[in-house]
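Quick mapping for you: the protein sequence lines, in order, are chains A and B.
Under our numbering, the first residue of the first sequence is numbered 3, with each subsequent residue one higher.
Under our numbering, the first residue of the second sequence is numbered 11, with each subsequent residue one higher.
Because the hints were derived from the structure by calculation, they are not lab data.
Hints should not be assumed to be uniformly reliable.
[To be verified] Here are the simulated SDA-like pairs of lysine to any residue, each with C-alpha atoms no more than 20 angstroms apart in a straight line:
1. 654/A to 175/B
2. 70/A to 472/A
3. 236/A to 42/B
4. 654/A to 77/B
5. 70/A to 465/A
6. 236/A to 182/B
7. 609/A to 49/B
8. 601/A to 35/B
9. 236/A to 34/B
10. 672/A to 472/A
11. 654/A to 29/B
12. 609/A to 37/B
13. 236/A to 35/B
14. 548/A to 666/A
15. 548/A to 472/A
16. 236/A to 49/B
17. 236/A to 32/B
18. 236/A to 606/A
19. 609/A to 188/B
20. 654/A to 619/A
21. 601/A to 666/A
22. 609/A to 111/B
23. 654/A to 185/B
24. 601/A to 667/A
25. 601/A to 40/B
26. 70/A to 654/A
27. 236/A to 195/B
28. 111/B to 28/B
29. 236/A to 103/B
30. 601/A to 28/B
31. 548/A to 679/A
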Amino acid sequence: MFMDVQGPSNALFGRLPMILDLHYNNPWIMFAFALVVIGGIGTVAALTYFKKWGWLWHDWLTTVDHKKIGIMYIIVGLIMLFRGFFEAAMIRTHQAMAVGPDSPGFLGAVHGYLTPFHISEIFTVHGTLMILLAVTPILVGFMNLIVPIQIGARDMAYPFLNAVGLWLTTAAAALCMISLFVGSFSHAGWVGLTPLTQLDHSPGVGVDYWIWLIQISSIGSTLGALNLIATILKMRAPGMSLMRMPIFSWTTLATNIIGLTSFPLLTVALFLLTLDRYIGTHFFTADGGGNFMMYTNLFWLWGHPEVYFVVLPAFGFLSEIIPTFSEKPLFNHTSMIAATMGIAGVSWLVWLHHFFIMGAGPEVNTFFSVATMLVGIPTGVKVFNWAFTMYKGRVRLETPMLWALGAVLLLIGGGMTGMMLAIPAINYVSHNSVFVVAHFHNMFLIIAFAIFGAVTYWWPKAFGFRLDERLGHIFFWLFWAGSVFVFVPMYALGFLGMTRRLDYIAHPSWWPLLALEVVGIALYIASVAAFVLQIYVSFRDRERNKVTTSDAWETSRSLEWAAHCPPSFYNFAATPIVHSNDEWAWRREHGVTSVVPEKYTSIHMPKNSMVPVVLGVLFIIFGFAGTWRIGWMFFGSIIAITAVLIFRMFQKDIDYNIPAEDVEAYEREKLKSVDRAAQDNVHQTGEMGDAGTDSPAHG
Amino acid sequence: MSIDQNKVSDTSDIQLYATEPDHHDSISLRSIGFWLYMMSDAMIFAGLFAAHGVYLNAYGTSDITAGDVIEPVTALLPTLILMLSVLLFGFASVALSREDKAGTLRWMGASLALGVFFLLDEAAEFARLALDGATPQASAFLSDFWTLIWVHGAHVFFGLIWMAALMIQIARDGFTEGSVGRFINLRIFWFFQALIWVCVYTFVYLMGVS
Numbered sequence: 003m004f005m006d007v008q009g010p011s012n013a014l015f016g017r018l019p020m021i022l023d024l025h026y027n028n029p030w031i032m033f034a035f036a037l038v039v040i041g042g043i044g045t046v047a048a049l050t051y052f053k054k055w056g057w058l059w060h061d062w063l064t065t066v067d068h069k070k071i072g073i074m075y076i077i078v079g080l081i082m083l084f085r086g087f088f089e090a091a092m093i094r095t096h097q098a099m100a101v102g103p104d105s106p107g108f109l110g111a112v113h114g115y116l117t118p119f120h121i122s123e124i125f126t127v128h129g130t131l132m133i134l135l136a137v138t139p140i141l142v143g144f145m146n147l148i149v150p151i152q153i154g155a156r157d158m159a160y161p162f163l164n165a166v167g168l169w170l171t172t173a174a175a176a177l178c179m180i181s182l183f184v185g186s187f188s189h190a191g192w193v194g195l196t197p198l199t200q201l202d203h204s205p206g207v208g209v210d211y212w213i214w215l216i217q218i219s220s221i222g223s224t225l226g227a228l229n230l231i232a233t234i235l236k237m238r239a240p241g242m243s244l245m246r247m248p249i250f251s252w253t254t255l256a257t258n259i260i261g262l263t264s265f266p267l268l269t270v271a272l273f274l275l276t277l278d279r280y281i282g283t284h285f286f287t288a289d290g291g292g293n294f295m296m297y298t299n300l301f302w303l304w305g306h307p308e309v310y311f312v313v314l315p316a317f318g319f320l321s322e323i324i325p326t327f328s329e330k331p332l333f334n335h336t337s338m339i340a341a342t343m344g345i346a347g348v349s350w351l352v353w354l355h356h357f358f359i360m361g362a363g364p365e366v367n368t369f370f371s372v373a374t375m376l377v378g379i380p381t382g383v384k385v386f387n388w389a390f391t392m393y394k395g396r397v398r399l400e401t402p403m404l405w406a407l408g409a410v411l412l413l414i415g416g417g418m419t420g421m422m423l424a425i426p427a428i429n430y431v432s433h434n435s436v437f438v439v440a441h442f443h444n445m446f447l448i449i450a451f452a453i454f455g456a457v458t459y460w461w462p463k464a465f466g467f468r469l470d471e472r473l474g475h476i477f478f479w480l481f482w483a484g485s486v487f488v489f490v491p492m493y494a495l496g497f498l499g500m501t502r503r504l505d506y507i508a509h510p511s512w513w514p515l516l517a518l519e520v521v522g523i524a525l526y527i528a529s530v531a532a533f534v535l536q537i538y539v540s541f542r543d544r545e546r547n548k549v550t551t552s553d554a555w556e557t558s559r560s561l562e563w564a565a566h567c568p569p570s571f572y573n574f575a576a577t578p579i580v581h582s583n584d585e586w587a588w589r590r591e592h593g594v595t596s597v598v599p600e601k602y603t604s605i606h607m608p609k610n611s612m613v614p615v616v617l618g619v620l621f622i623i624f625g626f627a628g629t630w631r632i633g634w635m636f637f638g639s640i641i642a643i644t645a646v647l648i649f650r651m652f653q654k655d656i657d658y659n660i661p662a663e664d665v666e667a668y669e670r671e672k673l674k675s676v677d678r679a680a681q682d683n684v685h686q687t688g689e690m691g692d693a694g695t696d697s698p699a700h701g
Numbered sequence: 011m012s013i014d015q016n017k018v019s020d021t022s023d024i025q026l027y028a029t030e031p032d033h034h035d036s037i038s039l040r041s042i043g044f045w046l047y048m049m050s051d052a053m054i055f056a057g058l059f060a061a062h063g064v065y066l067n068a069y070g071t072s073d074i075t076a077g078d079v080i081e082p083v084t085a086l087l088p089t090l091i092l093m094l095s096v097l098l099f100g101f102a103s104v105a106l107s108r109e110d111k112a113g114t115l116r117w118m119g120a121s122l123a124l125g126v127f128f129l130l131d132e133a134a135e136f137a138r139l140a141l142d143g144a145t146p147q148a149s150a151f152l153s154d155f156w157t158l159i160w161v162h163g164a165h166v167f168f169g170l171i172w173m174a175a176l177m178i179q180i181a182r183d184g185f186t187e188g189s190v191g192r193f194i195n196l197r198i199f200w201f202f203q204a205l206i207w208v209c210v211y212t213f214v215y216l217m218g219v220s
């Protein structure tokens, strides 16, 4: 019943004996391995030395607090982002070296320093993890961290499920790291082109790693999506009607509706591919009636909505940052909501533009071409709304605003090239060229810019101190310069006809542009250093950068700025009542910025649980056993997962009440770090003061 | 800026914070989450049914056609059994609303037994197909046929495990917020898989031979 596989395998260890035949002589992998081992040992040693294991276990690993889960999502995402960036640097430097027949080869490669198989693995893992394990977790992390506070909820609708989602994503990230050292990763591109991903063409375990880690992370995304939708629909504070909800929460809602409905299609596509690879069905094979394009259709039926899954939260960040630093309400809240939902709706009608060259005929291509261009309308509405928000506002160019403005500028470039690619006639010429690569990196850079803006913007909310402004500016400008140097030449190379995923460049005249891209990479590396330094310096000076009121920027507008910085673990001591679209701005205008409620009441909270971590470990085993075809371990892990879920079902002691007097005691402790006079008078320093005075300066 | 003129002169009557502890209906909160999960599950079947449309006549080099493997008359019995199981689960639900613990467990047990019968019947049916050479490896059509049926079968299987575990819980703890919430979600799930089977019977079995 199961497919015969190449190489050694047995019942006990599956295909694992294969790794004895692999030669670990690749210095890059050794380097990465050394890095991970040193990092791991360092972390373990530090935790032991400072006796922090209990802290890590009780306060973080077993937590169901949405804020901590959000922060952990973001940390996982940033680590993966760093790894993905490393791979990008390798691709760029390799391509700049492997130009022309006379170019030298190192480390076993004929040209450049990466063998063709290795570079294929690198661009595959770069795409897969950047989208699914870097950008998605970071965005989901922000939704977790901010949305419940922004809508005035205690926690997510299902705190336990939230932790499960985190640990599934982490399990997928762990599998991705394991694949670096044990076996190999897929070489078939992040989209997994069929029939290249079939067992006869990819006999190794790489594609299997790719399949299982995506399956595990998409279960996590589905659970997270339904949790956020339920939270937004059911947990809003009194007075917060849907139309009063801040735009970031709206984009979260739209994103997760997309996520909930599109991730299952990826699950189906990969599940059918799994059956092809494991039991020899004929869904996407060349023989037996299989159909490659069915895979491509199913994949992009998820893949394109996924694009909006990641871009809409980024638009949400911009919609929060721009009004704060323009000191004005967001222009036309209602049309922003309509545009968000419009993009979410159209996202379902455009998937075929990823493969216009399939040859579906003029009618089909025209439909998808027009549908794709329609996306420009709601997106244009958004851009104009941001522009009109800034118009006649008092724009303060603090770091988050710089990132936001950078993102809007990038959107013009990415949007225009997107419109070009939406025209099938152009698409036939530019398909699979680096022009497409430059376009979607341009779009993803919007997200990256919005993410770094959001990190700076919400950092004081999460940790109680501001990030260093000067290093933030340096980080921004280096990152901006890096983006220009990498992607403008890439657009040009696309026009010159360079195709994507090359391990050797036959055209020596392209070398200057490729070298320019390496300059961009150098700037990116410098920017990463600036970012790390920024976090270090800010942490060192955290007392000086401390935020003493709930409103770190003094002109912020939505409800999360009415909670402490950082918020108490139950968010608000008493549930806030909402009066306006921009509740915090409304309170500031009315001079009612006190964070002390008239009366404390008891609070009902979920208890920590170790079950999500255990599930995460079991899912790593599940994915590993699936990849290496270790039957007993695979089915054993399914049974164990089911058993753990049933165990959870019978757990009774899962929540507790904090009595009102304890809440009051916690709050009194918390209020010690709040400058009460400043807190109660935020309205006098904020944007609603005398128009003649300058806006408050931040250090 | 003249915002200050719009300022409410008396802010003392603005209520900023609720003075009562918040109350959430935990069962209805559970249900909405489960409905959302069902939505994503429905999308899985949407993908599989779309695939079914594509692979309808994808026989490759195999000479086994839909007419050889699809027998709507034979499949009628398991269909009726499954519908009956759903009906009995409905009776359990009626018993629950009367807070009749023994009745709930009795009807759930009957529903569970019919579900097991359905799975065994289906297994026997497909074992026969495999012996006749109509394996999922024979053609894309058969790959799709087996997959669609058995993804539904897996739903039934895990639904039965859930039902058994829930019966133990209700027997031990009675009707608690947790067990009633799970019961309602399982009811949604059990009706959902039956709805999927209706689609399978219509689109795969009835239309497969037309």
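Against the structure, the hints come out as follows:
1. A threshold of 20 angstroms between alpha carbons decides the hint, and for residue 654/A with residue 175/B the separation of about 15 angstroms falls inside it, so the pair holds.
2. Under the criterion of a C-alpha separation no larger than 20 angstroms, the hint pairing residue 70/A with residue 472/A is inconsistent with the structure, at around 28 angstroms.
3. Between residue 236/A and residue 42/B the CA atoms are separated by roughly 9 angstroms; this keeps the pair inside 20 angstroms, and the hint holds.
4. Pair hint residue 654/A plus residue 77/B does not hold up; C-alpha atoms about 53 angstroms apart against a cutoff of 20 angstroms.
5. Annotation: proposed proximity of residue 70/A to residue 465/A holds, straight-line Cα distance about 11 angstroms (limit 20 angstroms).
6. Taken as a hint, the residue 236/A and residue 182/B pair is broken in the structure, with Cα atoms around 31 angstroms apart against an allowance of 20 angstroms.
7. Proposed proximity of residue 609/A and residue 49/B is contradicted: the alpha carbons are some 29 angstroms apart, above 20 angstroms.
8. The straight-line distance between the Cα atoms of residue 601/A and residue 35/B is roughly 23 angstroms, outside the 20 angstroms bound, and the hint therefore fails.
9. Only pairs whose Cα atoms come within 20 angstroms are accepted, and residue 236/A paired with residue 34/B is accepted, the gap being roughly 9 angstroms.
10. With a C-alpha separation of about 29 angstroms, the suggested pair residue 672/A and residue 472/A falls outside the 20 angstroms cut-off, and the hint is violated.
11. Distance hint between residue 654/A and residue 29/B is unfulfilled; the C-alpha atoms sit about 29 angstroms from each other, more than 20 angstroms.
12. Note on residue 609/A and residue 37/B: the hinted pairing holds, with a Cα-Cα distance of about 18 angstroms set against a maximum of 20 angstroms.
13. Only pairs whose Cα atoms come within 20 angstroms are accepted, and residue 236/A paired with residue 35/B is accepted, the gap being roughly 10 angstroms.
14. For the given pair, residue 548/A sits about 23 angstroms from residue 666/A by alpha-carbon distance, which is inconsistent with the 20 angstroms threshold.
15. Restraint check for residue 548/A and residue 472/A: satisfied, since their Cα atoms lie roughly 16 angstroms apart, inside the 20 angstroms limit.
16. In summary, the hint linking residue 236/A to residue 49/B is supported, as the alpha carbons are separated by about 17 angstroms, within the 20 angstroms threshold.
17. Our distance criterion of 20 angstroms between C-alpha atoms is met by residue 236/A and residue 32/B, whose separation comes to about 12 angstroms.
18. Annotation: proposed proximity of residue 236/A to residue 606/A holds, straight-line Cα distance about 16 angstroms (limit 20 angstroms).
19. Simply put, residue 609/A and residue 188/B have alpha-carbon atoms about 15 angstroms apart, close enough for the 20 angstroms limit, and the pair holds.
20. A distance of roughly 23 angstroms separates the Cα atoms of residue 654/A and residue 619/A; the hinted pair therefore is violated under the 20 angstroms criterion.
21. Our distance criterion of 20 angstroms between C-alpha atoms is met by residue 601/A and residue 666/A, whose separation comes to about 9 angstroms.
22. The suggested pairing of residue 609/A with residue 111/B is violated, with an alpha-carbon distance near 29 angstroms, which exceeds 20 angstroms.
23. For the suggested pair residue 654/A and residue 185/B, the alpha carbons sit about 13 angstroms apart, so the restraint of at most 20 angstroms is met.
24. Straight-line distance between C-alpha atoms of residue 601/A and residue 667/A comes to about 13 angstroms, which keeps the hinted pair within the 20 angstroms bound.
25. Our distance criterion of 20 angstroms between C-alpha atoms is broken by residue 601/A and residue 40/B, whose separation comes to about 30 angstroms.
26. Between residue 70/A and residue 654/A, the direct Cα distance comes to roughly 24 angstroms. Violation of the 20 angstroms bound is thereby established for this hinted pair.
27. Between residue 236/A and residue 195/B, the direct Cα distance comes to roughly 17 angstroms. Compliance with the 20 angstroms bound is thereby established for this hinted pair.
28. At most 20 angstroms may separate the alpha-carbon atoms for a hinted pair to count; residue 111/B and residue 28/B exceed this at roughly 39 angstroms.
29. Simply put, residue 236/A and residue 103/B have alpha-carbon atoms about 25 angstroms apart, too far for the 20 angstroms limit, and the pair is violated.
30. For a cut-off of 20 angstroms, the pair hint linking residue 601/A to residue 28/B stands: about 8 angstroms separates their Cα positions.
31. Restraint check for residue 548/A and residue 679/A: the C-alpha separation of about 16 angstroms stays at or below 20 angstroms, so the hint holds.
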